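Full structure from sequences and hints, please.
Here are the chains, one letter per residue:
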Amino acid sequence: MARFLTPKALRTLLPALSLAALLAAIFYLQPRTMSYFGLNLLLNLAVPIALATIAQMFILCVNDLDLSLGAFVSLTACITATWLNDTPLLGVLALAACVVAYGALGALIHLRNLPSIVVTLGMSFVWTGIAVLILPTPGGSAPEWIRTLMTLKPSLVPFPIIASVVIALVVHIGLMRSAAGTVLRGAGGNPKSVERAGWSLLRVKVTMFSLAGLFGVFSGMALVGLTTSADANIALRYTLLSIAGGILGGGEFVGGRVSPVGAVIGAITLALAGSFLSFLRLNPDWQIGAQGAILILVLALRLLVSSRERRI
Amino acid sequence: MQSAAPLVKMSGVEKNFGAARALTGVDFEVNRGSCVGLVGHNGAGKSTLMNVLSGVILPDEGEVQIGGVLLDNGYDPAGAARHGVRSVFQELSLCPNLTVAENLRISHPSIKGIGWRKAARKVILDELDRIFPGHGISPDTEVSSLSIARRQMVEIARAFSSVTSKIELVILDEPTSSLDQNSAAQLVDFVRQFVGKGGSVILISHLLGEILDASDKIVVMRDGRSVAVDEARNFDRARLVRDMGDVLAENSEFGARSGAKREGPPVVTGPAEDEHQLVLYPGEIVGFAGLSGHGQTEMLVRIFEAAQGARGPIVATDRAAFVAGDRQTDGIFPLWSITQNIFVSSLERLKKGLSFDFERAEREAQDWQSRLSVRTPDMGNNILSLSGGNQQKALFARALGSDAGIVLMDDPMRGVDVGTKQEVYEILAEEAANGRALIWYTTETDELKHCDRVYVFREGKIVAELSGDALNEANILGASFEKEDA
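Protein chains in written order, with the working numbering: chain Z, 2 to 313; chain P, 28 to 513.
Rather than coming from a laboratory, the hints here were simulated on the basis of the structure. None of these values were measured; they are calculated from a predicted model. Treat each hint with caution, since some may be false.
[To be verified] With a straight-line cut-off of 30 Å between C-alpha atoms, the simulated DSBU-like cross-links for lysine-lysine are:
# : chain 1 : residue 1 : chain 2 : residue 2
1 : P       : K448      : Z       : K193
2 : P       : K193      : P       : K36
3 : P       : K193      : P       : K139
4 : Z       : K193      : P       : K139
5 : P       : K36       : Z       : K193
[Claimed, not checked] Where chain P lies over chain Z, by a calculated footprint (3+ residues, C-beta under 8 Å):
# : region
6 : 80 to 92
7 : 184 to 193
8 : 207 to 221
Beta carbons are placed, not taken as given, at the ideal position from N, Cα and C, and that holds for glycine.
What follows is the structure, encoded as structure tokens:
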């Protein structure tokens, strides 16, 4: 028993255990959620959050922080609900330009050695500004194919669960298992030694920021697929949710220590925390605070585990 | 093997860092199939020379040839790797967030495609088994959870491992500093095997026994020059220590200060069970010597903490002030004026009612300016307007201007010009005469001439206390390099 429950294993399992505990509590409070339809409803909005969390995780992996992600997802949601629906070619081009812009930001941050927090904080106003220009009032409509995809009803397992598993696995294989992903993570752990071994840190940064942009675009598209319309502020809270989700899932702010599976689990946990508090009939005014309390609780647990690890 | 052209040929290599001359025309050769031991005291230029060879820094003058190919300005670490030069540096260069096998992949781009993990695992495990039989390291362990010794083993094994790239020369800079004796002996055996198969190794170590065992040829460096090059069998411990030291240095100046009177109780006392107990009396200047990174700075910090009231084996009965050696990171407040930088540790003393006595601070700043001859038109100028040496004077003024009875100096003269040094030496002597107790960690043996007593550190412990006639360069070097069996 003691052999399997090493602090390291505990730390890896902590995100999954927190999610399981939260799910158990929800099922206990509201047994009707324990059905195909119930789970679908509970987890639907977790998919765009999971995608945004993965995007943030790429940035965290190279020791940066993205404070513009929520504004960026809002912008891509606006593009999806307008141009991508009305003139698909223009929409695709605009979304591709968003990804390229993210990569360019990565290059700028690396070449000028700027603090990513400042650059992305500034860019968040740019993204929101463009979003307001594209969609001044809430509206637009989701392209039919995205709507169909997001409301799929596969037999047996609800779509959000399948989607989450696919997202987690694809990124896990790409970043954690592949040879190229190893270099990307190594650049977060010890950039100097990676550079000495002959890899270009500029390429690493651009790759990571572009990937973050790509997943930010996916997140905006998924969000519109669920809500069927967009507005310029639709996803502003994703900035903090994605950071919290990434950290909750076992990631760390520095050192290239990230986990895609954990990030997806962390995102789902945060999405569920809201429902859990509603089932508790907690006054909505208190919900944000209570969500924060859950976050602090889980992080405190992790700190406890790691301090035990250090003692051993 | 002497007939073949040398693998590495460096001639007339010079490198200056600002005013400091790190290398002054070094000639250095490594033959194929041989191990060259490189020894020298702190700042002798060993690491700089190796950084030039591995492409990390470019020399100001001189040329480097590897395998008969002249390396021009475009030479960089990747270029070094193409020429088959690998390095294991003192600072660990593994990625702590990756596993052992993943770290191998970072330095071997040719490991890729499906099944790369299996291949990497096998390469690193084979190499570890070859160098350190019985190492007990799993290739799937994350590096951060390995002990320092095991990390060092992985790093060494990674440097010696070969996939498709060629490997001609491995530079080992203090490779055994955290290995136990058994692993260190395994490494020496392996180096001999590797050399026997035609590879070349450059070995830097402070364990002279290891150098004598492993090397074919030994190069002794001092003050940025190579001062002795000879077959290893012509060297012994005594000759190495003699060659490293400045034989002709005016040893007479040593101990010029010693014999200071000890009055009253000591202000700092170390743990009594230590072989050489640390004590410091008012009016004394005590030097900390030894190779850099052997626990001197840690000891200063512990004394400082004790002076602030931390409980521990060290007892300090007076307040302490710290003079940082690394000005840029530990010392100055870059946005503040010179005056503000000096008085940041005297805020309590210069209080006037609820506010700060700016006039008095200004007056005292003028005094310090004339006493230390800080070269500036106005002490209200930004600290960065001063040259490095004058910034350091401001830091001295900060420590000496406080009411602390103990002054701790952490290699404070790094990058300071000779004139400034002489001025500061005099001030320090004055302060000691006024009853202050000073501890001075320095990497420059010459500066120890200004101390009453010297503690020599090795591997985190005090291994010798020298004073009076015993305080000379030979004894300091001897104690710094002593080997376990000596």
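Satisfaction of hint between K193(Z) and K36(P), Cα-Cα up to 30 Å: holds, 27 Å
K193(Z) paired with K139(P) [C-alpha distance capped at 30 Å]: holds, 22 Å
Whether chain P covers the region 80 to 92 of chain Z (at least 3 residues having a Cβ closer than 8 Å to its Cβ atoms): violated (count 0)
Agreement of K193(P) and K139(P) with the hint, judged by alpha carbon distance not exceeding 30 Å: With a Cα-Cα distance of about 18 Å, the restraint between K193(P) and K139(P) holds, given a limit of 30 Å.
Pairwise hint evaluation, K36(P) against K193(P), where the allowed Cα distance is 30 Å at most: Between K193(P) and K36(P) the Cα gap is close to 19 Å, so the pair holds against 30 Å.
Outcome, coverage of the region 184 to 193 of chain Z by chain P - at least 3 residues whose beta-carbon is closer than 8 Å to one in that chain: Held - the region 184 to 193 of chain Z has 7 residues with a Cβ nearer than 8 Å to chain P, which meets the minimum of three.
K448(P) paired with K193(Z) [C-alpha distance capped at 30 Å]: Violated, because 35 Å separates the two Cα atoms, which is more than 30 Å.
Outcome, coverage hint (the region 207 to 221 of chain Z, chain P; C-beta under 8 Å; three residues): Three-residue rule not met by the region 207 to 221 of chain Z, so violated; n is 0.
The structure shown violates the earlier hints numbered 1, 6 and 8.
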